[in-house]
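Given the structure of chain A, go ahead and fit chain B onto it with the hints provided.
If you read the protein sequences in the order shown, they are chains A and B. Under the working numbering, the first residue of the first sequence is numbered 178, with each subsequent residue one higher. Under the working numbering, the first residue of the second sequence is numbered 118, with each subsequent residue one higher.
Hints were generated in silico from the structure; no laboratory data involved. All values reported here derive from a predicted model rather than from experimental measurement. C-beta atoms are modelled at their ideal positions from N, C-alpha and C, and glycine is treated no differently. A couple of the hints might just be wrong.
Simulated DEER-style distance windows between Cβ atoms [unchecked claim]: (1) A:215 with B:256: 24 to 34 Å; (2) B:190 with A:238: 26 to 36 Å; (3) B:248 with A:242: 28 to 38 Å; (4) A:219 with B:258: 37 to 47 Å; (5) B:159 with A:208: 36 to 46 Å; (6) B:170 with A:236: 40 to 50 Å; (7) B:187 with A:208: 33 to 43 Å; (8) A:235 with B:123: 19 to 29 Å; (9) B:258 with A:235: 30 to 40 Å; (10) B:189 with A:211: 16 to 26 Å.
This is what each chain is made of:
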Amino acid sequence: MLTTLPHLVEQVPDTFQEPQAATGKFLHEPTLPPQVAACLGERLRAHYAQLMSDPVPDALLRILEPLDQKGRLSHGH
Amino acid sequence: MAIDPALRQAMLDAIPHLRAFAISLSGDVTSADDLVQTALMRGLENLAKFQPGTSMQAWLFTILRNQFYTEIRRRRREVPDPEGVMAGNLAVLPEQGARLDLNDMQAALARLCVEQREALLLVGAEGVSYEEAARICGTTLGTIKSRVNRARTRLAELLELEPEEDLGPDRLVRATLFLHAAV
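So that you can see chain A by itself, here it is in the shape it has in the complex (with noise of 0.2 Å):
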């Protein structure tokens, strides 16, 4: 519930046929054939696939740490 996506990370693409009733203005934009969504979509997600598996700097990770100190402190209160 939290974080992870797993389902949706997963999705094709959709091709926007649903009309929206507020949204009326948007019905002719053009649609990419499935062909060349589901591809582009494909490539977009290797893409972000690769930027996520990259190791994540410690300088990050530290910013949580303290917390994580202070938390148990106060715990013990």
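For chain B alone, coordinates are given in the frame of chain A:
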């Protein structure tokens, strides 16, 4: 100040997502890590405002995204053409063929307008719902759908993805030509 270990863990879990989003959005790892760092620190400072039961990741995305726009506005005041400079820096030729697709994608993303880029990244790469993306970007569902649609169309043009085309080896040649044109 006590912190719920679950909240801390949720923040930790969000970091790779925040980084991937920030790198794709800003096109620069150093700027991205600065953005993530600021977002985490602001998140900690404002943790009392986080609503339990909602998505920590979405909350931090909102903070990071707002910080990104604040910095864009500041840079616009300081530098005459920040967008052009950024696009130029991004369109560097990759050193290896295997990395071409990723660099190619990053260069193409950099050429989208920033509103379209963030919408596409959230929905198409990060996989958040349109509704969540609209909340994160502070806009309407229709606007987000329109931005994602336009971003996809433009990105397909930039990457020269065409349905009848053979997406084979000569893609490398065309991608290289594109990168040359973008410099």
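Is the gap between the beta carbons of residue 248 of chain B and residue 242 of chain A within 28 to 38 Å? With Cβ atoms ~34 Å apart, the hint holds.
Taking the CB of residue 190 of chain B and the CB of residue 238 of chain A, does the distance hold inside 26 to 36 Å? Taking Cβ atoms as reference, residue 190 of chain B and residue 238 of chain A lie about 30 Å apart, which means the hint holds.
May I ask you to test the hint 24 to 34 Å on the CB atoms belonging to residue 215 of chain A and residue 256 of chain B? This hint holds: roughly 27 Å between Cβ atoms.
Please check whether residue 189 of chain B and residue 211 of chain A have a Cβ separation lying inside 16 to 26 Å. This hint is violated: roughly 34 Å between Cβ atoms.
CB-CB spacing for residue 258 of chain B and residue 219 of chain A relative to the 37 to 47 Å hint: violated (25 Å)
Taking the beta carbons of residue 187 of chain B and residue 208 of chain A, is their distance inside 33 to 43 Å? Cβ of residue 187 of chain B to Cβ of residue 208 of chain A: about 34 Å, so the range 33 to 43 Å holds.
Outcome for the supplied range 30 to 40 Å, where the beta carbon pair is residue 258 of chain B and residue 235 of chain A: At 39 Å between Cβs, range holds.
Range hint compliance [Cβ, residue 235 of chain A to residue 123 of chain B, 19 to 29 Å]: Because 23 Å falls inside the window, the suggested range holds.
Residue 159 of chain B versus residue 208 of chain A beta-carbon gap, inside 36 to 46 Å or not: Once the Cβ atoms are compared, 38 Å apart, the range 36 to 46 Å for residue 208 of chain A and residue 159 of chain B holds.
Is 40 to 50 Å right for how far apart the beta carbons of residue 170 of chain B and residue 236 of chain A are? Once the Cβ atoms are compared, 30 Å apart, the range 40 to 50 Å for residue 236 of chain A and residue 170 of chain B is violated.
In summary, the structure is inconsistent with hints 4, 6, 10 from the numbered list given earlier, while agreeing with the others.
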